Each structure stands twice: as structure tokens, then as C-alpha cells.
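Asks: For reference, the chains in residue letters:
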Amino acid sequence: MTPPQRRRRLPKEASAKIPQQAPEGVSPHAPKEGGAQGGENQTADQTENQPERLFVLTSQVEDGDRASLDLVTLIVARADAPPTAQPEQSAVLRLCGSPLSVAELSAYLNLPFSVVTALLTELLTAELVHARAPIVRSELPDRSLLEAVMHGLQKL
Amino acid sequence: MDFKSSDTVTGPRAEDHLPQTAQAAVKIVIVGGFGVGKTTMVGSVSEIRPLTTEETMTQAGVGVDDNYGSDSKTATTVAMDFGRISITEQLVLYLFGTPGQERFWFLWNGLFEGALGAVVLIDTRRLEVSFDVIGRLEERGVPFVVAVNDFPDAPRYPIEDLRSALDLPEEIPIMKCDARRRASSRDVLMTLMRFLHSIAMASASA
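Protein chains in written order, with my numbering: chain H, 1 to 156; chain A, 1 to 206.
There could be a bad hint or two in this list.
As the list claims (entries may be wrong) - Stretch-level coverage of chain A by chain H, calculated; a stretch enters the list once three of its residues show a Cβ under 8 Å from a Cβ in chain H:
1. 12 to 20
2. 23 to 31
3. 42 to 54
4. 92 to 102
5. 113 to 122
6. 191 to 203
Unchecked claim - Here are a few chain A residues that face chain H, going by a calculated C-beta distance under 10 Å:
7. Val9
8. Met57
9. Leu107
10. Trp108
11. Ser130
12. Arg136
13. Glu138
14. Arg140
15. Tyr157
16. Ser185
No lab work stands behind these hints: they were computed from the structure. Keep in mind it's a predicted model, so treat the numbers as computed, not measured. Just so it is clear, CB atoms sit at the ideal spot from N, CA and C, and this is done for glycine as well.
Whole structure, please, built from the sequences with the hints as guidance.
Replies: Okay, structure coming up:
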């Protein structure tokens with residue numbers, strides 16, 4: 001029996017890559033950046049039905065001003081919720097008594113990622129939370145980091 | 001949106017709290033087709049019960065617009081399961097299982113660009129499902145390893161036949177695994193980490 005056959009692809013020009021931590025477009029036009037590396041491989045389905053991020057609860061945040069938050073940015077509360085806080089903000093502050101990633105906040109709050117980043121942008125601006133940025137691949141090669149991860153996995 | 005009041009939001013269990021010393025996190029992405037075992041793999045090594053983050057997007061309506069002037073867009077939710085492994089008191093590793101279609105990847109900022117690397121999980125019954133994912137990772141320069149989830153009724157190809165079918169260079173690790181087993185999933189992650197380490201060594205000596 002012969003398996004189906006794939007053909008290798010080459011890395012595209014660095015300039016075609018989506019920049020790391022690009023200001024979160026959040027605007028409904030953000031998906032266009034995806035087109036930059038779609039190229040000839042983009043199917044008709046992708047171009048015609050290009051999805052757009054839907055977001056809500058962004059009343060106090062102007063487009064483009066959103067904090068650059070990764071799924072694994074760790075959030076820690078710096079203060080208790082002020083009496084004027086929205087219920088969602090109070091919930092974030094309560095959950096972040098110990099460090100919690102943006103992804104976990106999204107899961108526990110049952111809110112989409114982009115809504116959580118909007119909430120967090122408000123809380124960061126108000127200095128009610130602190131964000132601990134993740135370590136990303138572009139900062140590598142940090143072999144000691146890789147070795148630490150390997151050591152941690154070996155203990156599993 | 002079914003936001004619950006802040007009093008009823010269930011947070012992490014006490015034993016799932018990260019220590020205050022947790023300073024930074026890294027992530028690994030597990031990517032593959034529907035039903036290939038991404039969530040199983042995340043769950044088998046995660047220290048927390050796997051959680052789900054989601055993003056909601058709109059999709060331009062297709063076909064006849066019968067909404068009589070109302071917005072013809074429909075909302076679609078794309079979900080991603082993830083787990084967590086505490087590496088040290090300061091460092092945390094997150095594992096994300098993500099759908100193979102690249103058009104969803106932009107929803108999460110820097111999902112692949114910020115990841116240490118990726119595991120492509122494949123099912124030999126539907127090998128071709130992985131072709132596009134692997135190609136996208138190659139184009140983006142994301143380092144990855146391939147793990148073959150060993151389903152009992154799946155065709156068994158020798159690794160070298162798979163390497164040839166997937167057109168992968170010799171240096172990219174391909175391994176069989178059982179995503180249900182913690183030790184096996186951990187070995188896949190270790191293989192990825194060793195691969196990343198060898199890349200880092202090579203670039204340091206270049």
C-alpha cells in the first residue's frame with residue numbers, strides 16, 4: 001500500500017511573515033494580513049469566505065490601542081476591583097490573584113480571546129493588572145531555556 | 001455571549017493556581033486534522049484539566065441573503081483546547097491544540113510565531129489532511145516534528161515511507177506515538193525540544 005504523496009514547500013521571504021506581536025488589528029479588516037502569505041496556495045474557499053474576527057465589549061478601547069497580549073501572557077492583579085468596575089473586570093481581578101494566562105482567563109470567563117484582551121487593555125491602562133510577557137521563539141536561541149523545558153518534561 | 005456574573009465565574013481549583021513566582025510562559029502548538037487526537041495529547045500531559053479558549057468571528061454570508069437588510073454575516077466560533085505544564089517555579093509551558101486550517105490561525109496573535117515549535121499530529125488513515133498544515137509551517141519557518149498517532153485500525157507504514165510521502169528532510173523527527181499515554185506524549189514533546197535544541201546549537205555555531 002502506498003501512502004499519498006506531498007511536495008515540500010520552502011520558507012517564504014521573511015517580509016511576508018506576520019510580524020510577531022503585530023498590533024492586534026481587531027478591526028474587521030485584520031484578516032487581510034492573512035492574505036500576505038496565502039499566495040497561490042490560497043483556495044477559492046479561503047478568499048471568498050475569509051473569516052473576520054467578531055468582537056464586542058470594546059466600548060472604552062479605540063481600535064489599534066489594544067495592548068499586545070499573547071495567549072500565554074501571564075496576568076496578575078495589582079489591586080482589588082474598584083466599586084465602579086464592570087462585572088467582567090471584577091471577575092478578571094478576582095481570578096488573577098495568582099498569575100493566570102490570557103488563555104485561561106478566556107476559558108474560565110467563557111469569553112472570546114479578543115474580548116478578554118479588550119478587558120485587559122482597560123485594566124492595564126487603569127494599572128489594575130500587571131502583564132508578564134511570554135518568551136517567544138524570536139528571542140531564541142536561548143539554549144538554557146530549552147534545557148529548562150526539557151528538564152521539566154523529564155520530571156513528568 | 002453568556003457572561004456569568006462575577007460571583008459565579010468558576011476559576012481554577014486551588015491546586016491549579018500558579019505560584020506567584022511564575023514569571024513567563026512558553027507555548028507549543030499541536031496541530032492536526034479533526035479527530036486526530038490533539039486534545040487527547042494535550043490532556044495526557046497537562047497538569048490541569050484541558051481548557052478551551054475560543055474566538056468568535058464573522059463570516060460573510062454566502063448564497064441568498066434572506067435576512068431582509070439585516071447583516072448577512074454569521075458568527076462562527078473557533079475553539080482551541082489547551083493544557084499546562086509547570087516547568088519551574090518561574091516558567092510555565094502551555095500546549096495548544098489547534099485546527100489545521102490556517103485561515104483560523106490569525107485569530108490568535110502570534111500563535112505559531114510566538115511558539116517554541118509545533119507538533120504535527122497525523123493519522124495514517126488520512127495522511128493527506130496533514131499536507132497543507134506541514135506546508136504552512138514550512139512557509140512560516142516554524143520548526144516542527146511529526147507524530148503519528150497510532151490508531152489500531154490505521155495503515156502502518158514504515159517511518160521512512162512516511163518521510164518520503166510527507167517529503168520531509170532527514171533532520172525532521174518523525175515518530176509514532178499513542179496520544180492517550182502520558183509517557184508517549186511526553187516523549188513527543190521531548191523529541192521536539194531536542195530538535196529545537198539542535199537547531200539552536202547549529203545556529204550558535206554558524
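Asks: Enumerate the violated hints, using their earlier numbering and listing them in ascending order.
Replies: none
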